[in-house]
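Participant: Join the two chains into one complex using the hints; note that each chain is given alone, in its own frame.
Chains as they are written, first to last, in our numbering: chain A, 55 to 385; chain B, 8 to 518.
Please keep in mind that the hints were generated in silico from the structure rather than gathered at the bench.
Predicted model only: the values in this text are computed from it and were never measured.
Take these hints with a grain of salt, some might be off.
Okay, the calculated bits of chain A under chain B, using three or more residues with CB under 8 Å as the criterion [stated by the list, open to error]: (1) 262-273; (2) 277-283; (3) 327-337.
Over the 10 Å line for every Cβ pair with chain B, so calculated as not near, a few chain A residues [unchecked claim]: (4) I91; (5) V112; (6) N117; (7) L173; (8) A181; (9) A206; (10) I208; (11) A216; (12) G235; (13) V246; (14) S309; (15) Q366; (16) V373; (17) I374; (18) I376; (19) V379.
Restricting the straight-line Cα-Cα distance to at most 16 Å, the calculated cross-link-like pairs of lysine to aspartate or glutamate (EDC-like) are [said to hold, decoys possible]: (20) B/K67 with A/E275; (21) B/K193 with B/E477; (22) B/K67 with B/D94; (23) A/K257 with B/E136; (24) A/K257 with B/D134; (25) B/K133 with B/D155; (26) B/K67 with B/D43; (27) B/K347 with B/E436.
The beta-carbon is built from N, C-alpha and C at its ideal position, and this holds for glycine as well.
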Amino acid sequence: MAPTTTPTAPAGEAAPARPRGLARIGELDWRRYVIYIGFVVVFLFFAVLLRDEGFLTVNNLLNIFRQTAIITVIAVAMTYVIAAAEIDLSVGSVAGLASVCTAMALSRWGLAAGIVAGLAVGLIVGAINGGLVSTLGIPSFLVTLGMLGIAAGIAQWITASAPQPILNDVYNLVFGSGNLGPIPGLLLWSAVFVVVGAVVLAKTRFGRQVLATGGNRTAAEFTGVNTRRIKFSVLLISGVVASIAGMLYAGRLQSGRFQWGTGDELSAIAAVILGGTSLFGGYGSIIGTLFGSLLIGLINNGLILAGLEASQQQVVRGVIIILAVALARRK
Amino acid sequence: MTQTGNGARQSENELAVQMRGVYKSFDKVSVLRGVDFEVRRGEVHALAGGNGAGKSTLMKILQGVYPLDQGEILIDGRPVRFTSIHDARAVGIGMVFQEFSLVPTLTVAQNIYLTTEPLGTGGLIKDREASRRAREVFREMQVEVDPDATVADLSTAYWQLTEIAKALAQDARVLIMDEPTASLAKHEADALFDLVRRLQARDISVIYISHRMEEVYRIADRITVLRDGRNLFTRALSELAPEEIVEGIVGREIEGGMLSWQERRLPEEPVPLLEARNLRSGRRVRDVSFRLHAGEILGLAGLMGSGRTELARCLFGVDRLDGGQVLLRGQPVGLSNPRKATAAGIALIPEDRREQGLVLEHSVRDNLLLPLLARIERGPFLSDHAGNALANSLIQRFAVKVANPNRPVRLLSGGNQQKVVIAKWVAIEPDVLIMDEPTAGVDIGTKSEILDMIRGLADDGKGIILISSELPELLAVSDRVLVLRDGSIAQELPRRDIPDEESLQLAVQGI
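Next comes chain B alone, as it looks inside the complex (with noise of 0.2 Å):
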């Protein structure tokens, strides 16, 4: 409760951590280049950049996974050098991760203890006391989990309590939170912010990652945007606007092209590409009638269980349909596998691209190849020379930053896998591409890449459906809207009938 951090004051030992002149390479290819950074106590401090930019190589410099090559760091202004994690910890750095850092077999107290067991006589833990402890510290931050939980029984924000205790039981000084609200559900996300609050008047800092602006503004003090591994600015975001700082991460004003809609023609056929009539399936979908054009971009909008994911999967032949038709070009198609969605020319490209889009750990080149093998079959063999030559004309026409198309996909960002899975499926080729909420966790310029993506598709010929929940997005490239209401189409607007955000979130609501 000493003080916020919102102060002009800045005497050296005000700052909780500083960064100078950070430089780090990878084989050879620079990724900072003389970072400055710093957090005051008590602040929350975003942090935000493009893909590439250097966030996350930074921040695992400043965790002790990455040594840097060049630069200072001085945590309470003490230079200090890290060689481990264990260095970075010791000095009251932690770090809440994206990719959780719990064990899920071990229970909430084993967790946050792990390493630092409190330990009795012969070296025996003593579990109880490690519950206690925990238990403790939970009640500080005011929020109730149970210690003894397995933490695999516990949904995810209860996950990211788990961690946040972890940090503060080693007496963490300074949060580092990437991306927190990801996976969370809004009221989860509250109280995430009030817990930051909270942790703030302890005069703990925390730098936050984020792309997401609306949070930024919500919850940070300052702001810190990185480009080309560089610092662009750190500024107080009382005196910065959004615009601004959108247009610090990508680099260019992105308005124009982006969020705002483009009239597209559209050559009316008397046949329509796709014809959905009266589709029924499970729950969800109870019935569902629309037609798609060939070269025509429609936008599907609708709350969390409006049977907007499941409309897609029983289009791409995932779920089966209890009832209605699909027509093809007016021929109707049986979709009841997705092997025969794929052959009659329909490609999904899932929500959930890590689970369902990609083979992880296999290389971009053979994530690329996987649905195209039949293409680079000479005889009974697979011809590495042609594959080599196809995924890299892929990985060109779609941007995909990778050194090389070896490296196994999940060590890319975000967006660029987002990326590998788009360019797998529009690779074959196909006449109707349904994609579901292909810009999730996505920064804003490898957004509107995909975007523009989107649109030059529609314009080969391809019909789109575009499912997603951020209004803007389905506004900037929709040529019209349907808006899904339990299970059946509410209402139909050609875009140039909706005049803003808000009469689309109207309708949406269903108000």
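Chain A with its partners taken away, still in its complex shape (with noise of 0.2 Å):
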């Protein structure tokens, strides 16, 4: 037990400390859990409301993982993004830049080279957005703000607005059409992104840094962090991260366009920040932002399903999501 032969004042105090510590799992800890409380409520809601509309058939519940699974993934880089107290507003139109540079690649020089032509806009872009933020120190929010307009512009720039066909039906199978038995590839895609997003946060140094960088960048920098590095890195994942969910909806769909993955931002910070993820950086968790997401889709499938026209469905959405993050609020 704890040496009492030389008397420490915090040594006599951590005995106050207990109570407040267990206090703290009766009262922080809900707030931390509340996304998969809330996930609980709204699934069991619509499994009763719904019941006749066919909401609990296994093809309706695969239909929601596949409708969220490329959010999913775009939400897990985001996570990392946040985490590190920095914002990217670009993904959603990176996407886009990404399927229809696949596409075209694709049917000019075919496969690898459409493969190629996807990443490397998620890298270019990538880097150019940590490169201004960490070198620079232009805040995250500006520089992919421009970033958004700028991707989305030569998307439509360069295919003249029009859809660009693909034709490969080995990429239409791996990126997002095919199914591994009953299993959709795109619920697999997800859960490969989810997992090792999962671990490398939790458990690699890099995650650390990164909720260290978040959480105190001086801090960080103090004890030996990197904090440009690792702003960089979370920036470059992220849009190499959009780039691959670019080349998912273009298979999926079996074209690129540019309209692909507009608006994917809002619903990737919603996901992150319904997780339980800090939007102040410093706490991030991949399983809470995969619920997050999770939820986001039930609600849009349920409404759905329960008739309500998609004006409405926004409406709801938005309350719902106002409501989670009130309640899973931290002081």
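Facilitator: Here it is in structure tokens:
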């Protein structure tokens, strides 16, 4: 046990510190898990309300996964960005640009070129975002807001706003259209991202340094974390992952279009925040993000089955997101 | 347990740190001009000096934050060259920061091993192992801290213990502590001193930066005083009187100017400038009545929790009055919010200047001008020209040491930050100025400047309410002292009736 030969005040205070720790479990932890509680509540609500509309069928549930998979992929990378106290608003239009670049390169030079072109879009955009933020110190909000417009504009420009069909069956099968047995390929893609993302964030030095950079940049810097490199890395990752998301759109819809991914940045940010990641950085949960994304998909699906119009869906979705974030709010 | 470092032996290898002839300038302003500094093994070495003497620059060079322009550093007798914090850490230099260097969202153990996490297969962090090792470090320190607690949930004392553990976990042989007791309660500070002694017994050297003489005498073996970027002297504390240190820091005899009271002539006016009648507010202000005359300095003494700060807050309209009345020049005034108080001519210089008094990221100029915007308006626009002129005149009048008024206020020393706060509020020409602990965390030289400033303001006819837990300071400037106890005025003492600090201390303690 603790040596008591030397009377030290902090040791004496450790006793009252205990109950405070216990009280924390009662109070704070349910806030951290509010996303899971919310997910179950909404799920049960729809399961009862929409049992006659086929909500609980395997097909519909797989549909929810399929529809949320791409957002989940983007949101995993977004979790890193937000945990490092940055933001990436360009992911949606990067996905669109990657989808058209992949489609165009693919139809001209074949499969490999298509994939390389798509990834290159993410690498270039991510490096520019990360470079501007980490070396020039421009806020990521502004850099990526500008990039949102630039990427969307280029995608529209080089295609003259025309869809770019993809006729390569291998590509389409691998990137989103195919299934592995009964399991949709998209689901596997998102599973891989979630698992790798969760392990790297929680269990590697890189992940720890992302959290430290977001939690207190000065402290991290003084401890020897290269916080510039961390900020560069998360934005680079976010760009690359967004381009993969764009390639998944292209494969699933068998064409590249500048519209793919439009507005996904907001869905991804909502998923991340719903999942309990702090918008001020320092705390991040990939599993939370997965459930945040699924919750949004669940709500969309349920509202469609309930027969609400698109306009009404938007309103309900917004209310639920604000409500969930308000409940999960930490001081 | 090999040695205590008190002995006179001083062979080369007994010195943990030697810095020789260190020069450093920033933007052509030389901060260090050939400083020699040495620390023995297992020694607690105090480092003192006024604002701008070069203490923090010297320490940042020792930590590898700044490169030196000239000079050399020897650690354990071997010359070293630091290009980063890593280099300094690698040879055993550890820092316990004043502005803490912990990530609040991570746990204690995660912070201690940040960047040096124990890794398992596949490069995955072994958090349990880190936790176990952290527990081991705390056991050696003989303190009890839960390694798995999130840092944000812990009190300041635990943050500091975590910082020390972090340095020790990296095998620090020299610990730099910058004002470590500034935010600790007394019993926590006592525990810290015990810990420092145990570290010393393990042959770890501690460089102890502090403004508090009492602490320095209690804990340190030797002291180095810096002045104007040079080492003024390094001497054993056992052969040094406190006055010599203070004189060394300030560079002149301050006893006469600062701590002794000068009788001031007060015009007795029939109508007091401010009168409080039976004020009640919340639980801490229960029944307070007093009068303040123009040109008078009224000291408010009392223990923590006696209602000093709360009284100031309700006079400034921050806290609501539950009862009672405030009269300015005989006219009742409503003080339901700070804007009304300001309009009535009352200003409050708050206790926590960093939180409540300054926008740290903004420039000195912008901070100064914030309450004065109306004065530099030309039509609907703010005039840069008028603003610069006003800011510069304030900087001059209050002797704020800043090279360029456009530098962010956070880069200033504590004393200079406090001058900015005072300047900002004095500039709006209030009739009544309430100051809550205006000299907290300020070095002795600046402290005497601030006290002089207070006297000057009273001479200009302002009424001043000075709240301070440092009794010598209250005695130095107050014309009258009110002793608060449990939310009401226990005693009202004209300054000439207080013979010495001890009798005021007794009055405050209620003995």
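Participant: Over 10 Å from every CB of chain B: does A/I376 meet that, or does the non-interface label fail?
Facilitator: holds, 24 Å
Participant: Does the no-contact call for A/G235 survive, Cβ to all of chain B over 10 Å?
Facilitator: holds, 29 Å
Participant: Can we confirm that no CB of chain B comes within 10 Å of the CB of A/V379?
Facilitator: At roughly 18 Å from the nearest Cβ of chain B, A/V379 sits farther out than 10 Å, so the non-interface label holds.
Participant: Please verify the coverage claim for the segment 277-283 of chain A: does it have three or more residues whose C-beta sits within 8 Å of some C-beta in chain B?
Facilitator: holds (count 3)
Participant: Classify the label on A/I208 as holds or violated, using whether its beta-carbon is more than 10 Å from each beta-carbon of chain B.
Facilitator: holds, 36 Å
Participant: Regarding the assertion that A/A216 does not contact chain B, is the least Cβ-Cβ distance greater than 10 Å?
Facilitator: holds, 46 Å
Participant: Examine the segment 327-337 of chain A: at least three residues should have C-beta closer than 8 Å to a C-beta of chain B.
Facilitator: holds (count 4)
Participant: Is B/K67 close enough to B/D43, meaning Cα to Cα at most 16 Å?
Facilitator: Measuring from Cα to Cα gives roughly 15 Å; hence the hint holds.
Participant: What's the verdict on A/K257 and B/D134, does the C-alpha distance respect the 16 Å limit or exceed it?
Facilitator: holds, 8 Å
Participant: Given the proposed pairing of B/K67 with B/D94, does the C-alpha separation stay at or below 16 Å?
Facilitator: holds, 13 Å
Participant: Are all C-beta atoms of chain B more than 10 Å from that of A/S309?
Facilitator: Correct as stated: the minimum Cβ-Cβ distance to chain B is 39 Å, above 10 Å.
Participant: Please confirm whether A/I374 is truly not at the interface, meaning its C-beta sits more than 10 Å away from all C-beta atoms of chain B.
Facilitator: holds, 26 Å
In summary, the structure agrees with every hint in the numbered list given earlier.
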